[in-house]
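Visitor: Spelled out from the first residue to the last, the chains are:
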Amino acid sequence: MSTPAPTTPTIQATSAPQGAGTSSTPTTAPARSSQREGGNSLGTFGVKSGLAQMLKGGVIMDVINAEQARIAEEAGACAVMALERVPADIRAEGGVARMSDPQMIKEIVDAVTIPVMAKVRIGHFVEAQILQAIGVDYIDESEVLTPADDEHHINKHGFKVPFVCGARDLGEALRRISEGAAFIRTKGEAGTGNVVEAVRHSRAVFSQIRRASVMNEEELYLFAKEIQAPFHLLKETARLKRLPVVNFAAGGIATPADAALMMQLGCDGVFVGSGIFHSGDPAKRARAIVQAVTHHNNPKILSEVSEDLGAAMVGLTIDGNLKGGLMAKRGH
Amino acid sequence: MGLTYQHFENTEVVIGILALQGAFVEHQATIQNLSVKRKISVSLVRTVEDLELCDALIIPGGESTTIALLARLAGLLEPLRAFVKTKPVWGTCAGAILLSQVVEGTKKGGQEVLGGISITIARNGWGSQVESFEADLEVEGLRDSQTPFTGIFIRAPVVLTLTPSPADPPIQVIARLAPNLLPPSLPSLEDDDPKTIVALRQGLHFLTTFHPELTHDDRFHEYFVRECVLARAE
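In order, the protein sequences belong to chains S and C. Using UniProt numbering, the first residue of the first sequence is number 1, and each one after it goes up by one. Using UniProt numbering, the first residue of the second sequence is number 1, and each one after it goes up by one.
For the record, the hints were derived by calculation from the structure and aren't laboratory data. Among these hints, one or two may not hold up.
The calculated DSSO-like cross-link candidates involving lysine-lysine, where the alpha carbons are at most 30 Å apart (straight line), are [said to hold, decoys possible]:
hint : chain 1 : residue 1 : chain 2 : residue 2
1    : C       : K195      : C       : K87
2    : S       : K284      : S       : K300
3    : C       : K107      : C       : K87
4    : S       : K106      : C       : K87
5    : C       : K107      : S       : K284
6    : C       : K39       : S       : K241
7    : S       : K284      : C       : K108
8    : S       : K300      : S       : K323
9    : C       : K195      : C       : K39
10   : C       : K39       : C       : K87
11   : C       : K39       : C       : K85
12   : C       : K108      : C       : K195
13   : C       : K85       : C       : K107
14   : S       : K106      : S       : K284
15   : C       : K85       : S       : K106
16   : C       : K195      : C       : K107
17   : S       : K241      : S       : K329
18   : C       : K39       : S       : K106
Chain C on its own, in the form it takes in the complex (with noise of 0.2 Å):
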């Protein structure tokens, strides 16, 4: 249909956020007042057909073990696995454990995932929700990185390893905890140990074991669209 003849600069970027179930409409709105350079528009994606449409998407916070049953039902497992074999990925917390390779702590009999980063995560790794809190994190590459982000970790999964194969992309950490903001329940960890890290990339991926979504702050989406999704497409 003349796509072919456009400017490229012109054609519309499609970020896909997985809306299953969990905090979908909170990423779409923040996706939709970004200010960037290319025209983006945001999908909701609740089948395979929707799916085919996007160039990138978002997994948000939920609960994994639903995400993946409704994943599995909908026909959109496989789909979604060959998904995150080319294409910008970003995974919130739920969204995270679903992207890492290996989790631990899950429900009786295991969890599907769909893989694309070589870590170990555990879920909920700080313990219930009376133990879910809010920590400043300092991140570089963010716009404005002087001002701290506030992370919202509920019943937050953690890092346990880092598993990068020679082939994979390296993995690059984006933000960890200062170690005087570590929940009590782990009251020391090494400055490098994985547990503190929050926030990471490998390749076209990226996950957050916190909510950027429940804030008012679009950094780290404009982060994931600027790194991830943007500059892959130039």
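Chain S extracted, bound-state conformation (with noise of 0.2 Å):
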């Protein structure tokens, strides 16, 4: 690995309280260039949200080992996701999840030429330190995993790896945005291979920002309050129409038609967890989502590449006793 940059701040800093030692940016807007000093500047806004960008109409893929990382990239994720247990073994097996071991992600990162993502509990800022000393391309700031803090989220704009985070609706996107993620998902309902929950929090988004594209300044101040979000932020989703950053889905994408159902909702692009190596043939339902989001809008190829997949994973209906509870409802 190379050496740290001279004008970038890093971890090595011995009182730097959160990440990577911008400690005084009290900015809530991201801001490209952020970090520059002189010529060359690392950890930018614009290159955090810049390789969202560039995972846009692709799939990310869970995955616990490196074997599986290596048919995740030959099936064209354009990412993946390197943790212990999928959401499905989390809920079965209970317990307290964390953050994974560094060297099985380290191995991962070893074993594909794609970038590789991984988990930090909410709000565990110090797994997320070692996350990005260990070189991971993206943390997932993740309610699939148990909260160390039941408050705060991390404060994501110290770190020079970008962060992705769950969001249930606008508000919550806009104040994670505002904490420094550079890309948001829906966190839907992880583990459950049952899409209903991304699908509700996709179209809470979207119907949010066609509210907010329509009101006046005196009304998006009144919106902004309502929905807890950064006004700078909710005026300038308004004004783009969009998120400011690539908005995935997320949480029980199970199926090609899933994948497709969710771009169509108007989604940049799906992660899939449980879904590929919970399934009777991996590989070829990897590939088969792959081709889905893609050609999310042309049903004559999804017809195509949804025939014979072997059996999907096992789905859950997602009620009161679910077991290993709701775990869209971490974090606020």
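Hints are included, so try docking the two chains, each in its own frame, into the full complex.
Guide: Here you go:
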């Protein structure tokens, strides 16, 4: 690995409280070149959100070892999420779910050429420091793991590595962006193979954006208060008529049709967790979902790729008795 | 349908953007907003039929392994290779990898490319995402060339060697990273080391290892349209 840039804060700073050390960043606006000193600047919001833009139209797959990561890469995944247990197993086995063993994440990084993401517990900024030191390409501050802090999320501005966070509605998405997330996904309900919550969350986000896009400034102030969102980010979202960062679907996607559904609703790409390696023929299903995302508006291709995929993962009904509980309620 | 009788200036030039995966919408928006003298229309390319309508093509950033696989599954690999032989093509980042003759640092088992530009390129040449960076580029030939262009380099590829054969069109270097802007992982390179090249052109083919489509600056798009697409049409 290379030596850190002298112009860039690193986690070696002894008193760095949160992440990489731009501890004096009260700014909430995602600004390009936020850490620009001199000519070449690392870890700017431009390169953080830019990587998410490169993942658009793609599928990010949960994998638990190097072998699965290779299968995902061969099937056309645009990135993999390295974790010890997929959400369906976390549900089934219970207990506290934590960041994965760095050794196992490094093996996955070495096995593939596509970006590797890994999860940290909500609010666990030290797990994030560790993942940044390993050199993962993206961190998911994820409700799938057991939260480490039930009030605060990580201050993500201070890290060179970018973060993706889950959201159930526009207010939650903009709060995460305000904390420095460069990439948003629906929470859905992970590990269920049931797409209903992902649909609910993305419909909520898109419907609130459509409402905001026709509001005048006075109404936007009130709406910002209602949805507990920073005003400037809400105003920017209303102007763009979309979230200011890339927005993927996640949580319960199990079939090519599920993936195409989320794309047609307006998502930029999909995460598939348990849905691939808990199915009968992971390689074939993974490739079919990759094709379904690209050709989401072409029912003829969708029907071809949906054929003969073997058994899908077992789906769960989402209600109060759901084993492992409702993960989407973690974080706010 | 009477097209042959129309005045040449009025015929539309169709620029395709390969829309299998990656940041194709950003290219589409930038090209649509360009003001050039010829009428240009933009078309997203996902099938062989889409490609047949195009006079030129942009291959966007994204994951080159994913784009190559989707191209193969859509039956687009050979039609794209044939397209590249005769028509203007611009590749950004992943697209630059696909346009190169030889790629290093590929996934196990290698990677399919389209070829078109006689270079060897290395994937993720600067390292992982934490090494991604922005740097100002001085580029001759751009409109307003005294204003630097912000290059956004995301897990960017690096040009290793130029390998034109005598029969190929010459390779023209369009932009280099200034020595003081090189990532610290590569402390000292000779000024003419190919690794400092971030934009180059060979005949009708153009590549940038960074992402002009992520900025609000349309000068590289204007350059491609002016120098590679319209210069040929005239």
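Visitor: All hints, please: hold or fail.
Guide: Do the hints match the structure? See the list:
no.	hint	in the structure
1	C:K195 - C:K87	27 Å, holds
2	S:K284 - S:K300	18 Å, holds
3	C:K107 - C:K87	29 Å, holds
4	S:K106 - C:K87	42 Å, violated
5	C:K107 - S:K284	19 Å, holds
6	C:K39 - S:K241	28 Å, holds
7	S:K284 - C:K108	19 Å, holds
8	S:K300 - S:K323	37 Å, violated
9	C:K195 - C:K39	37 Å, violated
10	C:K39 - C:K87	18 Å, holds
11	C:K39 - C:K85	24 Å, holds
12	C:K108 - C:K195	24 Å, holds
13	C:K85 - C:K107	26 Å, holds
14	S:K106 - S:K284	26 Å, holds
15	C:K85 - S:K106	40 Å, violated
16	C:K195 - C:K107	21 Å, holds
17	S:K241 - S:K329	27 Å, holds
18	C:K39 - S:K106	51 Å, violated
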